[in-house]
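Trainee: Sequence:
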Amino acid sequence: MRLLLQQRPDGREAPRFVQLQLQPDLLGGWELLREAGQTGGRSSLRKTLYSDQPSALAALEKERDAQLKKGFQLVFAQGADAPK
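Here the UniProt record's numbering is used: the first residue of the sequence shown is 1, the next is one more, and so on.
The set of hints was computed from the structure by calculation and includes no laboratory data. Certain hints may be false.
[What the hints assert, rightly or not] Straight line, CA to CA, 30 Å or less: simulated DSS-like cross-link-like pairs of lysine-lysine:
1. 69 with 47
2. 47 with 62
3. 47 with 70
[To be verified] Computed beta-carbon distance windows for the label pairs:
4. 29 with 2: 30 to 36 Å
5. 52 with 15: 33 to 39 Å
6. 66 with 10: 16 to 22 Å
Keep in mind the model is a prediction, meaning the values are calculated, not measured. Glycine included, each C-beta is placed from N, C-alpha and C at the ideal position.
Can you make the complete structure from the sequences, with help from the hints?
Mentor: Here it is, written out as structure tokens:
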């Protein structure tokens, strides 16, 4: 599952983005990857491990909601059960 959130460009600088990706790991757990940065510029990647899918999905939704409150907009969602 993957979500891409982006701020509206203001004309002065490239818009910022946050990409959230949820995927299973090789040991039966789940990884939440959060990449954030400026479009066309530097970005940072943070990985958080979870023991089960429901807790990982709850963390993804919490992070998505926090970014929406900061003014980001959901521009892309991929996955059968991707939250809207």
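Trainee: For the hint 16 to 22 Å, verify it against the beta carbon of residue 66 and that of residue 10.
Mentor: Since residue 66 and residue 10 have Cβ atoms about 21 Å apart, the given range 16 to 22 Å holds.
Trainee: Verify the CB-CB distance for residue 52 and residue 15 against the hinted window 33 to 39 Å.
Mentor: Holds, at about 34 Å.
Trainee: Please check whether residue 29 and residue 2 have a Cβ separation lying inside 30 to 36 Å.
Mentor: Distance hint for residue 29, residue 2 is violated at roughly 18 Å.
Trainee: Can the restraint linking residue 69 and residue 47 be considered satisfied, given a maximum Cα separation of 30 Å?
Mentor: holds (22 Å)
Trainee: Is the hinted pair residue 47 and residue 62 satisfied, with a Cα-Cα distance of at most 30 Å?
Mentor: holds (15 Å)
Trainee: Against the 30 Å threshold, does the CA-CA distance of residue 47 and residue 70 hold or violate the hint?
Mentor: holds (21 Å)
Checked against the numbered hints given earlier, the structure breaks only hint 4 and satisfies all the rest.
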